[in-house]
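Participant: Our numbering applies: residue 39 is where the sequence shown begins, and numbers increase by one.
Hints were generated in silico from the structure; no laboratory data involved. Be careful, since some hints might not be right.
[As the list claims (entries may be wrong)] List of simulated lysine-lysine pairs, DSS-like, C-alpha gap at most 27 Å: (1) K154 x K73; (2) K150 x K73; (3) K73 x K43; (4) K89 x K150; (5) K89 x K47; (6) K43 x K150; (7) K73 x K47.
[To be verified] So the derived label-pair ranges between C-beta atoms look like this: (8) K47 x F75: 31 to 37 Å; (9) V42 x S118: 20 to 26 Å; (10) V62 x L124: 19 to 25 Å; (11) S137 x L70: 29 to 35 Å; (12) Q113 x M39: 36 to 42 Å; (13) D121 x I41: 23 to 29 Å; (14) D112 x E74: 29 to 35 Å.
Idealized CB from N, CA, C, for every residue including glycine.
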Amino acid sequence: MLIVKRGVKGEDRTGGLFIGTANVATLVNEELGSKEFLAAIVTFTPGSKTKSHTHNHEQILFILRGRGYVGTVDQTWEVSEGDFVLIPAGLVHWHGAASDSEFSHLAILNCKTETKY
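Start from the sequences and build out the full structure, keeping to the hints where you can.
Facilitator: Here you go:
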């Protein structure tokens, strides 16, 4: 059993998948003992977001704090604390913070997931 206590420190990331800055705090992955899951708290600075991307497995986002958006090629939805998002495998999508709000979500994926952007 793995128990992760509150306050895990993440690392700031810019470039690559991200437009702007996001802090990624990994809670569990293969290196930490999971055979199936990758889970991380991702905190976006105001206005920061991911590039449009896909995953070869489903992705779950659970919104922890702030106000942000999730979008596809055709549509954008506003999301906030307590909202749950299920992103189907292969769907081109993005997610990030509103311009006036920091935004945090818990992201859960299969640990074998490949991300393309």
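Participant: Name the hints, by number, that the structure is in violation of.
Facilitator: Hint 8 contradicted; others consistent.
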